[in-house]
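Asks: One-letter residues, chain by chain:
There are 2 protein chains.
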Amino acid sequence: MDYRPASQDAQFILFEVLDASGQLLPLKGLAEADPDLQRQVLEEAAKFVAEVVAPLNAAGDHLGCRFEAGAVTTPPGFAQAYKSFWEAGWPALSCRPEHGGQGLLWVLEGVLYEWLSAANHGWTMAPGLLHGAYECLARSGSDELKAAYLDKIASGEWLATMCLSEAHAGSDLGLVRTRATPQPDGSFHVSGSKIFISGGEHDLTDNIVHLVLARLPDAPPGPKGLSLLLVPKVLADGRRNEVYCDRIEEKMGLHGSPTCAMRFDDAAGWLVGEPGRGLNAMFVMMNAARLHVALQGIGLLDAAWQKADAYARERRQMRAPGSRDAPPDLIVQHPAIRRILDTQRSWVDGGRVLAYQTGLELDIAKHHPEDSRRVQAQRWCELVTPVLKAAFTEQAFHGASECLQVFGGHGYIREWGIEQVVRDSRVTMIYEGTNEIQAIDLLVRKVLPDGGRGMSALLEDLERGLDKSNAPAAEMLASCARLRSLTSKLVGVAEAHVELPFWVAGDYLRAVALVLLGWAWTRIGDAANAQDARWQEPGDAFRHWIFPEFKMRLEMIDKQLTLKTPQ
Amino acid sequence: MDYRPASQDAQFILFEVLDASGQLLPLKGLAEADPDLQRQVLEEAAKFVAEVVAPLNAAGDHLGCRFEAGAVTTPPGFAQAYKSFWEAGWPALSCRPEHGGQGLLWVLEGVLYEWLSAANHGWTMAPGLLHGAYECLARSGSDELKAAYLDKIASGEWLATMCLSEAHAGSDLGLVRTRATPQPDGSFHVSGSKIFISGGEHDLTDNIVHLVLARLPDAPPGPKGLSLLLVPKVLADGRRNEVYCDRIEEKMGLHGSPTCAMRFDDAAGWLVGEPGRGLNAMFVMMNAARLHVALQGIGLLDAAWQKADAYARERRQMRAPGSRDAPPDLIVQHPAIRRILDTQRSWVDGGRVLAYQTGLELDIAKHHPEDSRRVQAQRWCELVTPVLKAAFTEQAFHGASECLQVFGGHGYIREWGIEQVVRDSRVTMIYEGTNEIQAIDLLVRKVLPDGGRGMSALLEDLERGLDKSNAPAAEMLASCARLRSLTSKLVGVAEAHVELPFWVAGDYLRAVALVLLGWAWTRIGDAANAQDARWQEPGDAFRHWIFPEFKMRLEMIDKQLTLKTPQ
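Residue numbers (my numbering), protein chains in the order written: chain A, 449 to 1015; chain B, 449 to 1015.
Derived from the structure by calculation, the hints contain no laboratory data.
Take the hints with a grain of salt, since some may be wrong.
[Claimed, not checked] Here are the simulated EDC-like pairs of lysine to aspartate or glutamate, each with C-alpha atoms no more than 20 angstroms apart in a straight line: (1) K1007(B) - E1003(A); (2) K916(B) - D974(B); (3) K672(A) - D974(B); (4) K916(A) - D974(A); (5) K600(A) - E535(A); (6) K999(B) - E997(A).
[Unchecked claim] Some residues of chain A that are not near chain B, with every Cβ distance over 10 angstroms (derived): (7) A454; (8) F463; (9) L475; (10) L511; (11) G622; (12) I643; (13) P668; (14) V823; (15) Q853; (16) D898; (17) K916; (18) A929; (19) E997.
[Claimed, not checked] Chain A regions said to be covered by chain B (calculated; three or more residues, Cβ under 8 angstroms): (20) 777 to 790; (21) 879 to 887.
All C-beta atoms in this analysis are idealised placements derived from N, C-alpha and C, irrespective of residue type, glycine included.
Using the sequences provided together with the hints, build the complete structure.
Replies: Rendered as structure tokens:
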């Protein structure tokens, strides 16, 4: 079965659980932020995803992209679907009106991409990279570059790539060797080899705009020596630039997206932003990019859940315990299956609350009239984004594997499409910063350097909405307190024990993720009807099967504190 | 890199940690059980696996098996390697001398298959199925059937299958519809369709012996109506039997093993054992078969660890915390990577202790002169085997995924072979009884029915070797006590709350697995040099990163007890 976005669920979370309209009321900059239009956009998006993009998913995996003599052919139907997508204006949803965009909320783009990824992760990689390139160019590009490229990227008529990794430089971009040599006319000649370039070459658009990390002559070694250059596949005068795709990788999954090894041979390029500030030009959009990946995780897990749930409601095997029906019973009646389904549902629903709220905070951080609210929103984005990226990509893979288990042997064969979700989702734990790097980013780069003050303030933001007379909320209040106290301990020893935070960063991230998810479920509990099984069963699953990990993680960290910092 | 069995590690665990020779001394039936011969067999096995089987693994995945007009072609080199394998006598290692076997310990066969699976899971599926068929026929076959088939199966000259599943009958074999109709000459005509038949058709041997679950006329519905029939591909007179392979499945992995949809059209077959006792004929070998799968998990995890460990010792990215070397450092110096590697190593080493001990217990249960020791061994096998099957196949998949993470983006592409391990290993969580069924088997079918007495006795067996003056052993003693007390509570409520054990069976199995692994690590601790990082680092990883889950599982079960059985 193909993925079908549950638009009503998204609207419930956005407008009832999170009161997006209320939160955005002060944001005068977003004139079109009226709820009716937003609901209508979501309904239309759901339709497009279900009718145009989802049906291409299985063939995209089976046939994949083909490489021949430097050219890449995408799977059947991909190019036509992409043309419909950009012509209908979807890429420009949240782009600014002055660049031809519709200026709508970031969160609507977020929801759209969650659904697209769920429906067809491979296809979605191509337009998914537009938004970073758009932001990067809009903020740091010269007027000439903007005039030549920005509208085409905003509309999606031209696609874009981020050319960062090299064979020896993955997580450590400071090792990048690609060179950019200045030319008399102000342009550069870019030379070097890049790997793992999603959409580096394809047949979806007439031009592809590469943003390439490279080193100018005499640049210092390491990350500070890196500059960002715009290198188009086709030059303004119609000539082909010296940019070549040498191969596409054979991957575990994501066969619908060509992962290209690119070669730049004195290709013409133009500097984006200042020399030596290449990483800064990219890192301004890091939170949005990571949130996109978190939403991919949520979407893929929802896709896996939809398949497993449907199968469990039609497959019969054995008598369920306590059943009085004639056997065999539907497998959805078996507790082991029920538990798998409710647990994944719980991650998806709670994840949506967190990711959509983070999407709102992205706009609040930019557009809110009050300084203090902007600062608060920026803090939320900085601290919560790496947590969502790591926790929901991990859950996408592990949860999809659980959903595969629902199918028994049928899950392992291609026919049902569930094993594709497992394979496709695996990459999300790696790209846009591996999950290990997200954990270090959270604890070592963000929580510890300000003595835990930012994290403590985030926990206060969560606590503010919790009513201790309500049992689940009271448990979350106690958990916030435990996390705050543990954070203080870590701050206290980190300077003298520099290795310690690196050992426990993953546990710390999980603990924060579980508290955030707990907060999300108290929010759903406040908004949903207490008798509605749709929300109550995954809420119970959170408390019974997911949250117990929180205590385990704190104890693992505590043990390291005791061992490595003897009194 | 290809897998290389660490024969010295296996010998250390078998002869020093477990004192296999001492344990087997009373087993007069196993004349050849002398340690020098056993060590020599292991050295030769390691050589064969590394030189003949491992090099075919990557191509086996990429090219896979091909199906054309009813015939299956295995990947290049597979048939030649299989011929060398059986001609060298490896399949018959533990078969009885009267059937042409060498009569060696079961555990040596176990170690051999652990390594074979690690080296080339797809190839190993074909001979892996021999052993069950051999046992089944040796125990339940008529003299005529044995005379015609047993020696050829023991030697591996002919391969065998188990034809159980049908499209609508997977975990629930009681739904099997294939029919066997008696013929005047005492044979049967077998008709029906089977799916997921590993090695149902191939080019490795001249004949294939199918053991088929089917229903005789007037058999009652459900599992008691099932009989087992031997249906050869080629009849004694050289004619082709009416057995057809209709297709092979496209799978997530294990491409080197053809998973066949088989059709029997009035095929000639002969009854194995009594009518209506088909499941019993098969279930006598269930513990050995499940232990084989547990060993596949251990082997695959070791293969993933070998790849990741080698990569981490040659890849450099970023400065490691506290490092004073010139960056970039080897990634093995980064705590997040170190932790992944040590944790998987800990599962593999501890798993070997448990699986090899279980292998010894299989022989002890058959051959020990004392009744009480045989009973004890049988109890160990019954209770420990489902735990190892579930825990180590789950760890194979999740741990291989962790090892993939060590490679960053390179892990997701085919080149390094690590993603193949993730894909191949996934099936082990499903076949030979899904892991959910293993958990129900343990708690609902074995622990609860005798009021927890068997489990309590098993815990006493574990406790006996633990010295409470040693801290890790003392922790295991306390954990055994907690598990015993929880088991009593479950026994106390199970009758009145029939659904409850099914909700928590998975947690219970994990708790038992963690106590067993803890016991294994105390055994390694007793035998290894306390200064030897080879054993100390994974031992620490067990205590720091693996065992904390034990407490979490007990608390999850306790919570269900509290919720579902209000006082």
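Asks: Each hint needs a verdict: does it hold in this structure or not?
Replies: Hint by hint, here is what the structure shows:
With a C-alpha separation of about 19 angstroms, the suggested pair K1007(B) and E1003(A) falls inside the 20 angstroms cut-off, and the hint holds. A threshold of 20 angstroms between alpha carbons decides the hint, and for K916(B) with D974(B) the separation of about 13 angstroms falls inside it, so the pair holds. Note on K672(A) and D974(B): the hinted pairing is violated, with a Cα-Cα distance of about 52 angstroms set against a maximum of 20 angstroms. A hinted pair counts as satisfied when its Cα atoms are at most 20 angstroms apart, and K916(A) with D974(A) qualifies at roughly 13 angstroms.
The straight-line distance between the Cα atoms of K600(A) and E535(A) is roughly 12 angstroms, inside the 20 angstroms bound, and the hint therefore holds. A threshold of 20 angstroms between alpha carbons decides the hint, and for K999(B) with E997(A) the separation of about 10 angstroms falls inside it, so the pair holds. Listed as a non-interface residue, A454(A) keeps its Cβ farther than 10 angstroms from every Cβ of chain B; the least gap is roughly 27 angstroms. Distance check for F463(A) against chain B: the nearest CB is about 33 angstroms away, which clears 10 angstroms, and the non-interface claim stands.
With a cut of 10 angstroms on Cβ distances, L475(A) stays outside the contact zone with chain B, its closest approach being about 38 angstroms. Distance check on L511(A): its Cβ is at least 13 angstroms (rounded) from any Cβ of chain B, clearing the 10 angstroms threshold; non-interface status holds. Some Cβ of chain B comes within 10 angstroms of the Cβ of G622(A); the nearest lies about 8 angstroms off, and the non-interface call is violated. For I643(A), the non-interface assignment is contradicted: its Cβ lies about 8 angstroms from the closest Cβ of chain B, within the 10 angstroms cut-off.
Distance check for P668(A) against chain B: the nearest CB is about 14 angstroms away, which clears 10 angstroms, and the non-interface claim stands. Distance check on V823(A): its Cβ is at least 30 angstroms (rounded) from any Cβ of chain B, clearing the 10 angstroms threshold; non-interface status holds. Look at Q853(A): its CB is around 7 angstroms from the nearest CB on chain B, not clear of 10 angstroms, so calling it non-interface is violated. Against the 10 angstroms criterion, D898(A) stays outside the reach of chain B, whose nearest CB is about 19 angstroms from its own CB.
With a cut of 10 angstroms on Cβ distances, K916(A) stays outside the contact zone with chain B, its closest approach being about 21 angstroms. Interface exclusion of A929(A) from chain B stands, the closest Cβ pair being 19 angstroms apart, more than 10 angstroms. Listed as outside the interface, E997(A) is inconsistent with that label: its C-beta sits roughly 6 angstroms from the nearest C-beta of chain B, within the 10 angstroms cut-off. Coverage of a stretch by a chain is defined here by at least three residues with a beta carbon nearer than 8 angstroms to that chain's beta carbons; for the region 777 to 790 of chain A and chain B the count is 5, and the condition holds.
With a threshold of 8 angstroms between beta carbons, the proposed coverage of the region 879 to 887 of chain A by chain B holds, since 5 of its residues qualify and at least three are required.
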